[in-house]
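**Student:** Residues per chain, in single letters:
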Amino acid sequence: MGINLNDLLRHYRSHIFEDYQVETPHTGVISYKVQDGQTVEGPSGEWLQRPGTLLYIIEREKNVKKMYTSWNGQVTGIRPDLEGHFVEAGEVVLSIRHRLDKNEIIDRILTQVLNILRAPQQARYFLSSDISAKLGKHPECRIAIEPGDEIVIMSLMKRDTAISYKEASGVLYKVYFRSGDIVEQGSPLLGICPSDRLQYVQEVVQRIRTDWENM
Amino acid sequence: MSKERVLIANRGEIAIRIMQACKDLGLDYVVVYTKEDESSLHVRLAQERGGFKRAYRISNYKDPNEIFSVADQAKCTAIHPGYGFFSENFGFARRATMRTRPLTFIGPRWEVIRDLGSKINTKRLAKKLKVPVIPGSDELIYNEMEAEEVAEELFFLQKEQGVQHPSVLVKASAGGGGMGIEEVSRLDVFRMVYRKIQNYAKRQFGDEGVLIEQCLRDYQHLEVQLLCSSHDEVVHFGTRNCTIQSSGRQKRLEVAPGFDPAVCEYPFDAEGVLDQIVRYSVRMARHVGYDSIGTWEWIVCRDGSPYLMEVNTRIQVENEISARISRIKGGTEPTNLIKEQIKVAFGDRLGFTQKDVSFEGTSIELRIVAEDTNRGFAPWCGTITRFDYPEEPWARLYSHVPRDIPYKIPTEYDPNLALAIIWGQDSEQAKERARQFQKGTVIEGKGAKGEDIITNLDYLYDRINDILQF
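Residue numbers (the working numbering), protein chains in the order written: chain C, 1 to 215; chain S, 1 to 470.
Derived by calculation from the structure, the hints in this document are not laboratory data. Beta carbons are placed, not taken as given, at the ideal position from N, Cα and C, and that holds for glycine. Careful: at least some of the hints might be erroneous.
Looking from chain C toward chain S, a few residues come up when the C-beta cut is under 10 angstroms (computed) [stated by the list, open to error]:
hint, residue
1, Y20
2, T24
3, P25
4, R60
5, F86
6, E88
7, A89
8, E91
9, Q122
10, M157
All chains, full assembly: derive it from the sequences and hints.
**Tutor:** Here it is as structure tokens:
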């Protein structure tokens, strides 16, 4: 259960940037609103209610959709050849070079401390209706999870399979996917903190917060 | 007709069959595909055909804006929805024909889809025309207390009838092809199942409407294939038997015709029942002014009573077995119902009447699926590395699985791999040939953990003997 926090923090210090490719969500005619090298801001506000920088607009069937960045960072890889043209869905139109922040480092390190429920197959996943309803009302609440609780629905090849929690009782600490997303096999879905490890996890979080600033 | 360009708004083997039909009719065509389907044969075949850009990547086959946006970009004049997806969505059909740049919808008029595409509307219309339907709710239920009341009444009726193991079916109204149906045999678990189906229906179809029906047992599942035109022409192409299904009510082996008294004994007048369901189906089609291809689905109980289940206002997966046994005006080639469907959509007359349609032999469809029939037909995911099957004049195979490169089965869709269509001079020969075909078919592949591929080939072989038997 023990982790070498110093090593992990050093690793993330030396791999502090991540590149995110921005793909078109659907077909349409694209018009860029940023340039290569431009700095962009991700969503902000208490509930992330303020959208990030506008990256491009895409017009389909006379509907204009504004596409904002989900990350802070710098724009790279703009494709001028696409400007004003019809693009297909899933076309990579630019990239964002993003610097990981403290909370993201905490999330990554916690995957080594929590009980992680991983996707057994590449499939579409949904939170169970109970968990979804509770988080809908209080997004920050810590939900108690018992062995045998149905916590996630896996929708694979149009068939729904309920996935039950099999480890020790605990609280739901982190949700790593958005309900309805396709998740790759082996990727984390939920992080559950066993009751007896709660204090340890809080200490780890606290240490990352202080050490990250001081390193 | 040569200036028409058809957008094929579907995937897999049906997209390939529609492409072929368009080619035969001298029509241009364009296909769409998702990221998950990039290596599907339907994409490659369209790209290889060339001439102009024929394959467009979209986000989702179920997003109408994607389909219409590609239709405009590719200068299409018509849309063929195939089966599933938008094929029975009257809103989509209406939008296609009524938008600023209208498109021919290759299917029935939207009003007809509205009236027959929903199980509830079909049931109401059938009752009005004195066509027998399965006992149960005849309106959509959104409230679980109301649903429980209907279920309670159905349990009570079955007890009164002396049914030994009464049960009800909870069905997602917008579902089709056996999806979103669950059986309940105890009233105390009804609400739980109801909620489950309602949530499933909302996720999969965007409509949580549910209907409750008595669960009939000891029956055969039959179909009547109709072809109609906008010139008030109604012709049937006989019947099919689709009784052999997976535990999830997915068809696996189908046969045409629906009964064969020459080789099987039936506890009722089989020919008489087939005539009856054809007559009922034609009556409903005439009443609504049906103007395309369509399938009327029936339950036939051991006492020979037929009950209408639903109408599929689209081309059916298994249409080919009806086509295979039918000849028009004594022609030597089997009928191509997809071509006929496209022709009537563009306003053509059928050019023949019922008396010009003759039937010859028996045809069987084997649905080859990557699934574990020993584990509740659980879908299998992985990569296919080899797919070989016998080339025979009496067999056809439709598949989107490329045979020259490894093919990863997408997890977003059903793991259907191929349809094998077998023809025989009579039912015994058709069954024997189906066995021969199955034995000669080789599918190899590996799952994510290196395990061997699992398919339903052995299951299909074992069940060939059961076809047409009550």
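**Student:** Does the CB of E88/C sit less than 10 angstroms away from some CB of chain S?
**Tutor:** holds, 4 angstroms
**Student:** Closer than 10 angstroms between Cβ atoms is the bar; does Q122/C clear it against chain S? Give me holds or violated.
**Tutor:** This interface hint holds because 5 angstroms falls under the 10 angstroms limit.
**Student:** Tell me if M157/C is really an interface residue toward chain S, meaning its C-beta lies closer than 10 angstroms to one of theirs.
**Tutor:** At 4 angstroms from the nearest chain S Cβ, M157/C passes the 10 angstroms test, so the hint holds.
**Student:** Was the hint right that Y20/C lines chain S, CB cutoff 10 angstroms?
**Tutor:** violated, 17 angstroms
**Student:** Using 10 angstroms as the Cβ threshold, decide whether A89/C counts as touching chain S.
**Tutor:** holds, 4 angstroms
**Student:** Interface hint check: E91/C, Cβ to nearest Cβ on chain S, cutoff 10 angstroms. Holds or violated?
**Tutor:** Holds - the Cβ of E91/C comes within 10 angstroms of chain S, reaching about 8 angstroms at its closest.
**Student:** Hint check: is the beta carbon of F86/C less than 10 angstroms from a beta carbon of chain S?
**Tutor:** holds, 5 angstroms
**Student:** Does T24/C hold up as a contact with chain S if the rule is Cβ-Cβ below 10 angstroms?
**Tutor:** This interface hint holds because 8 angstroms falls under the 10 angstroms limit.
**Student:** Checking hints one by one. Is R60/C an interface residue toward chain S, by the C-beta closer than 10 angstroms rule?
**Tutor:** holds, 5 angstroms
**Student:** Quick check on the hint: P25/C CB to chain S CB, less than 10 angstroms?
**Tutor:** holds, 6 angstroms
Checked against the numbered hints above, the structure breaks only hint 1 and satisfies the rest.
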